[in-house]
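Asker: As given, the protein sequences belong to chains P and U, one line each in that order.
Per the working numbering, residue 1 is the first one in the first sequence, and the count goes up by one each step.
Per the working numbering, residue 1001 is the first one in the second sequence, and the count goes up by one each step.
Some clues are possibly wrong.
Beyond 10 Å from chain U on every Cβ pair, some chain P residues (computed) [claimed, not checked]:
{"id": "1", "residue": "Asn13"}
{"id": "2", "residue": "Tyr17"}
{"id": "3", "residue": "Lys49"}
{"id": "4", "residue": "Gly61"}
{"id": "5", "residue": "Tyr124"}
{"id": "6", "residue": "His148"}
Stretch-level coverage of chain U by chain P, calculated; a stretch enters the list once three of its residues show a Cβ under 8 Å from a Cβ in chain P [claimed, not checked]:
{"id": "7", "region": "1105 to 1113"}
{"id": "8", "region": "1143 to 1149"}
{"id": "9", "region": "1458 to 1466"}
Because the hints were derived from the structure by calculation, they are not lab data.
These numbers come from a predicted model, not from an experiment.
Built from N, CA and C at the ideal position, the CB exists for glycine as well.
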Amino acid sequence: MLLFSQILIGQNNNDYYMDDEELLVPEHIVKLNITGLILGRIDCYYERKLFKSIKLEAGAGVQLPYYSKELGFIFSNPNNKSLSEESPLRSGVSGFHWSLQVMTTRRTINSYFISNGIRFRKAYYSYDGYTFKQKEYSFISAGRMSIHPKWSLELASGVSFVHLYTENIDLNWYGVFIPLDLKLIYKL
Amino acid sequence: MLKKIIQIIILTGIITSVSAQEQKIKTKVKIGEEFKSSKKVYISKLFNSSEEGFYTLKLRYRRDDEIILNKFNSELKLIKENAIKFTKKEYQFTIDLKPSAQIFTSFRNNKHKIHYLFAHPFNESELSLNEPKKVMEIPFENSSVHNAGNFDYEISPDSNKILLYSNHPFKANEKEKFSFSVFDKELNLIWNKTVTFPYSDKLFSLQDFEIDNDGNLYILGKLYNDKVVEKRNGKPNYKYIILSYKNNGNVTKEYKVELENKFIRDLTFGINNQQDFVCAGFYSEKGTTSIKGSYYFEIDHESGKFLKENTKEFSPSFISKYKSERTKKKVKRKSKKGKAPELYEYDFDYLFMKDEGGALLIGEQYYSYTYSTTTTDANGNTTTHWHTRYVYGDIIVINIDKSGKTIWQEKIPKKQVVASYKATNYCSYYPIYRNNALYIVYNDNKKNLEFSEGQKLSNVTFGKNGIAAIAKLDEQGSMTKDFLFSQKETEFFVQPIMSEQISQNDLILYGRKRKKQKFSYLKILD
């Protein structure tokens, strides 16, 4: 009986030492995309833990009129010959966008974290009297390191498939690029 | 199948021939079956060896959240494997305790702001880990989870006391702080203490930790006088300090260790049966990477007085022993001019304390160098390639008697020059000190077995002439060399530093070539 109670106490103690669930994968965090600022976007995200290691990230932002094209375009297929092979978006476009990402997180060496997820992003742009819509499907891998008890940095990259279209003219533009996002994280 | 049978026949033949041919050093080698594992994993620890076999712990490179436990039987055959994945913990180290090993993991709890260290008793039958026990904790309040302190350990010479220690999260301009916990072999806490060193962290660098059979703690550190520079006005700008914590850490004492006007190049210390410090190593008068001689002294643990102080300069004939005629002439010329020559780039590796008093000091030459070659193609474009060579040279051995006097200094000639860092695993050596004789296991070139003064040493090879060799220095310092086995014929490429002495006469050798690995038993019958 005594032995049994000691085992129980031991177990409880170990559970106590290991209990940091809330902070290991925080319940609520907010992020700011630093590379987005370079590309003329202001992107903010809210991340919430759904299950033990599955998280949902919702993002929203605005495109300021000093657009610079996405980094890392590797393939594009315009069906409109009058447009170049690059994304038809040019400096001067403005708009807004939202995104949703589901990801799994695991800890690696020295409490660094690695996430893998799928992201959908939709953007609406106004340019030269036209309204462009862009759908983006991405596979994202991210590494995260803590720089302060409340602050972390996340570096995310992967592959994105883009479909840009407009209903005013017959434009369907497809592209593949490698996104690169550096995000500053604050744990709420 | 036929290939396997031929391999077995060849292997059996080799072992028989090894034992049948007349041996200068009597040994018996038993090479085990080949086993394979991913190139991404490596053996980190061999433990719990007995007549029934032994266990190994493997890790993945740059990962600490998974361990792979293997069981090998007495025929050196891999018979069981179990991979254990930690969800939050990080593997730290394994201590080979009797009757069972303890595997340590840690967890940085960001909620508690505490870095915990756990000991998991190793479960031999299940090849798993039993319920852990928390053995240490280091707070990291006001610090990042990545700067939460690191754990390490030391074992007393009789293996009955364990020291676990950790540095506290470090901040610039703060004095260094360490936590020490001393346990018995059942991991019951005997005493613990948190120490803030009384020196500026910039000027004090910790070198070594020791624990004696009574659970007393000794710390060796190097203290610079005013600035972190090795010499000032041609004189050493540092001294070594030994701090002792006795009587459950309650009695603290400081001992200063310095040799007048000599640069202590390496200092290794141990505690003898009288609880006095035994300090030994090499010194230089130039204050560079070369060494001029060896030193040995004991420090009385009560008075702090130096006992049996002895320094012994390497003679010009010792420095040039086994070297080319050109080097011999150069050394002679230098010593005639009154410029005392020194040995170039030797590291102090081992201090074996003899039961009757005195010690055996062992060092090895090690350095690397880089050079470039330039090629020009048909279009006149030149390309420069950079090459690095890693050099593991002679081994030097100094025998000190119980009065502190140097009986002899000897060299074991060796040439291991390799072009890749990976190949350095097959260089260097493993020493065994038994029956007042020193045995060195290393890889060599067959041509060097008959090597004598005046000849040129051949470089180590892993081809046709590649052998695992053993050298012996007896009580009088006379050297014998012998062949253990051919690496190519046995397909057993030994990594000497991965060897493990499991009893006075027995050694387990480990060899690897890419994914293919083998273990072997080496018995010294001499």
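Asker: Are any of the numbered hints broken by this structure? If so, which, sorted upward?
Answerer: 1, 2, 6, 9
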